[in-house]
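To convert, note that position 219 of the sequence shown is 223 in the numbering used here; the numbers rise steadily by one, no gaps.
If you are wondering where the hints come from, they were derived from the structure by calculation, not from laboratory data. Mixed in with the good hints, there may be bad ones.
Derived pair list, reagent style SDA-like, types lysine to any residue, alpha-carbon separation capped at 25 Å [to be verified]:
id, residue 1, residue 2
1, LYS51, GLY256
2, LYS51, ILE187
3, LYS274, ALA332
Keep in mind the model is a prediction, meaning the values are calculated, not measured.
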Amino acid sequence: MVRELIAPAKEQVAFREVESRALREGEVRVRTRYGAVKHGTEMALYKGYADPRGRFDPEYRLFRTGQPGVRYPVALGNTCVGTVVEVGPGVSTIKSGEQVFRYGSLKEEHIWPAASVRKLPDGVPWQAAACLDPADFALGAVRDGHVRIGDAVAVFGMGAIGLIALQLAKLAGAYPAIAVEPIPLRREVALACGADLVIDPSEYDSGLAIKEATGRRGADVIIEYSGHPMALQGALRGVAYNGTVVAGAFPGVYPAGLDFGAEAHMNRPKIVFSRACSEPNPDYPNWDEKRIFDVAWRLLASGAIQTVPLVQPVVCFADLLQEYPKIATHPQETIKLGVVFPDDGR
C-alpha cells in the first residue's frame, strides 16, 4: 500500500492508502522523491470556490451550472520527481535508477506510462522539474502579451507563475520589468529574480506607480496572475494607451466593483485571456501545448530561469496534514510548496 494526499471534502486534507499493482505494457514504477503543489488551481479545488460555476462542458465550451464543479475526494499535488524502480514490458527508453518526473499527485509511488515521463538530467535541480507547470502558463502569457524587446512590463502576483513570467519578460528584453506584490517574501524573491522595481499595492497606488516608473506612459504589457479584482483594476489603471493586459489567473468569482468606465474606457487597452493548455494555441499550428512545454523545459533545465528560490517552503511528506492547509491560511509564508519524500517511501 502507498499513501496519497487527498482533500476528502472542502478544506480538509487526509492520507488515503492505495494498493499498488503489477506493471502493464509500457509502464514504469517510480518511487517519489520530491513533489510540489500548484497553488492557484489546487486552492480552487481545496477551498471549493470553483464549485459554483458547475462543470465545464468541452463540447459547448461553457460551464454547466447545477453540476458539481468539484467532486471530492480530490487528489492533491501537481508534479512529482522520482526514481524508476521497475520497468514494465516493452519499455526500452527508461532504465531502473533514472530520475524522471511528470504530472502526479503527492503520492509515495507512481505508475506512469514510460512515454509520458521526462528525464531529469544530472545537475538540474528537482525544483526545475517542479516548476515546469507553472512555467508553461507563464510562457503562454508572455507570448499572448506579445512582449517585445524594450517593452515596459509589469506582472501582478509574485506566486510561482508570476515570478517565472517576470523572468521570461526579462529574457524577452523587457525594461523595466516591474513586480507588483503585497507579500514581503515574494517581493524579495522578485528582486532576486531580476525585477527592476517592486511595488507593494497595499502601500501604493500600483497603477500610478507604474505610470511614474515609465515616464507617465504606462506599461506596454501587464500580466495579471494574482487573481485579485483590485489587481486587475490596478493593471487597467497602469497599462499604456492601447497596451495589453493579460489575464492569466484562475480566480474565484469577482465581487461587484470592477470599474470598466475609468482608465479602461479612456485608454482602450486590449484584455487577453491566457491559458497555455487551451488548444488550439493562438499561434497554431506553429505553436501548440507540446511546444510550449518543450521550450519551457529547455529554459528551466538550462538555468535560464531561477527555480530554487520559488519552491518554498519545502516540507516532509509526513507533515502535509499540518503544512498543506497553510497555503490557504498563511499565504505570506509560501510561494510554491515543495515536498520531500523519505528514501524508504515512509
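Status of each hint after checking the structure:
Only pairs whose Cα atoms come within 25 Å are accepted, and LYS51 paired with GLY256 is accepted, the gap being roughly 10 Å. A C-alpha spacing of about 21 Å is found between LYS51 and ILE187, which places the hinted pair at or below 25 Å, so the restraint holds. A C-alpha spacing of about 32 Å is found between LYS274 and ALA332, which places the hinted pair above 25 Å, so the restraint is violated.
Violation of the numbered hints given earlier is confined to hint 3; every other hint is satisfied by the structure.
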